[in-house]
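Engineer: Given next are the chains, with one letter for each unit.
Number of protein chains: 2
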Amino acid sequence: MPNCLTSTVPFGDQNRFPIEMLESNNISYLVNPYNKKLDEDQLIELLSDGVEVLVAGTEPISRRVMEASPKLKHISRVGIGLDSVDLLAARDLGIKVSYTPDAPAPAVAELTIGLMLCLLRGVHLSNSELHKGQWQRHFGRRIAEVTIGIIGLGRIGTRVLRRLSSFGTPRLLVNDVLPNLQLNREFKLEWSSKDVIYREADVISLHLPLTSRTKALIGSKELAMMKSDALLINTSRGGIIQEEALLNSLKSGHLNGAAIDVFEQEPYSGPLTQVDRCLLTAHMGSMSLDCRTRMEIEATEEAVRHIMNKPLLSEVPDEEYQVQLLHLKE
Amino acid sequence: MPNCLTSTVPFGDQNRFPIEMLESNNISYLVNPYNKKLDEDQLIELLSDGVEVLVAGTEPISRRVMEASPKLKHISRVGIGLDSVDLLAARDLGIKVSYTPDAPAPAVAELTIGLMLCLLRGVHLSNSELHKGQWQRHFGRRIAEVTIGIIGLGRIGTRVLRRLSSFGTPRLLVNDVLPNLQLNREFKLEWSSKDVIYREADVISLHLPLTSRTKALIGSKELAMMKSDALLINTSRGGIIQEEALLNSLKSGHLNGAAIDVFEQEPYSGPLTQVDRCLLTAHMGSMSLDCRTRMEIEATEEAVRHIMNKPLLSEVPDEEYQVQLLHLKE
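Just so you know, the sequences run in chain order A and B.
Going by our numbering, 174 is the number at position 174 of the first sequence; the sequence numbering is gapless.
Going by our numbering, 286 is the number at position 286 of the second sequence; the sequence numbering is gapless.
Do not take every clue at face value.
Remember, identical chains collapse to one label, so a pair may be satisfied in a single copy or spanning two.
[Stated by the list, open to error] Dumping the calculated BS3-like pairs for lysine-lysine here, alpha-carbon to alpha-carbon at most 27 Å:
#1 K251 x K132
#2 K71 x K329
#3 K215 x K37
#4 K132 x K36
#5 K37 x K132
#6 K96 x K329
Hints in this document: simulated from the structure, not taken from any laboratory.
From a predicted model like this one, the values you see are computed outputs, not experimental measurements.
All chains, full assembly: derive it from the sequences and hints.
Structural biologist: Structure follows, in structure tokens:
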């Protein structure tokens, strides 16, 4: 009977340290045997053997899952997103939830800049053309010469800003539910409504959590507002952009390109794969060795603390519960 | 009878201003009708009509070309590289040579960072996998976590350093024929021999001119010295890396990847196109709209100055002639 299930994939793959932590603390554990993102039924099945702590990925940890798993006492998320966890159900059922909010941010921000430079210079297009034997020199634009719109200036959006700073001084349009005006000391920002960002930015990058308020935020109306040669980047959560609307927009010739790392359904194999100028990556934002390892270690530390009856250090703050409560009421 | 031939491709394509400059100064001109890089015979043919000024790309402007074109008095290179121009022949024949050394640097440096981030995170691999319907999450590394080796710290290499600075503090190994120790005030650098860079760097980026000394600098011996998971980037000039050696190295499983923007023969359609982890772009280093336009305008300005009997502002300095002279003697 395992005390701990690690459902996130990969786990302990490049660095075995988190597995050693469980072993050296004599914690019986089960690593997700499917080796891919679980659905509700698979999760219930794996938890049914009396698992007390779940070291979780982004699989759906719904009220149904929790009610079917009466021994479950702690969900330790490897990462920052809580869209997959029904926090209110967890509270009702006395299940603690912790997460690792800081660990993934540097890796996500760095991938975002990489995708931005790729899109701006047509690297993905030239690479696939050359591998097909075609030589075409693409014109591109430099970061300093464009208007960049960032929606969401939390841990990741702020780090994107910081990395942009060595590329010159683009016009920066930013939006957040609660503007952090301290950032104005460090950057020249134009706090803007989302509509202004859609209309005026050459590059739009999303750094938002997935909630009932951000779900389907970017649909056909918002896409139509964007410049015909705009570039759109999503390294936050699938579902914030309506994929079908994006597909139709790209197919109609609108937008110069998009870079999509996160999808409504993962693994993704949908129709965006048919659009060359849509740069696609497999939810790799946090997948740098150092950040992934840090996430796994921090989440496993919390699991060990729970089992050892020590206080958790990174419980999900009350605001996150309030967000889910608020959206339930809407 | 055109006074001016613009052989570089593209020219006045995204911004017609350089063409307007010629027209508004009543200079008769011919734009390269082949719309691709010329060979010696095509160049001789197009110059034969009495062209006085050549606004040149990277086509071979050899002694034979110059001797066959007695009216030619000024070569105005769009760009910085002079490997395509026989400077000593030009001096012998009384042909002035000017160039635009600063204009391309920001665009080349920025593409280099984009390619580096792509390689470090496997963006090119994930993109082509997803477009084939395959989902695989690649582990990557962040800039701050690796050792970066930069060979050549001139206008471009220095700008690469500057852009890296917002990504944290990687170990920086650098090499240049003449170390600019002023840079130590701004960056934490380890001035290193090339061999140390080959052996110790996780990412190696080349920012060198092509001369008889740098030609085939990176061959099978140098590649073998590199770490088995090293990443190699060349946005400088084809020919500095021996393509066949690189191909054999990659095919044998050595190196985690390479990003190659410049080739021995351009347009390129050689066997590196068969290696997925070789990220290929079509000599696009300088191809940002702003830098390309600046290059074309600056080179055209020099052409106009020559024809108007005004002094040139950006003649190639004597050092460049000395380099070619030195190599001739070796």
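Engineer: State for each hint whether it applies.
Structural biologist: Hints, one by one, checked against the model:
no.	hint	result
1	K251 x K132	both (22 Å within a copy, 18 Å between copies)
2	K71 x K329	neither (29 Å within a copy, 82 Å between copies)
3	K215 x K37	within (21 Å within a copy, 50 Å between copies)
4	K132 x K36	between (32 Å within a copy, 19 Å between copies)
5	K37 x K132	between (33 Å within a copy, 20 Å between copies)
6	K96 x K329	within (23 Å within a copy, 77 Å between copies)
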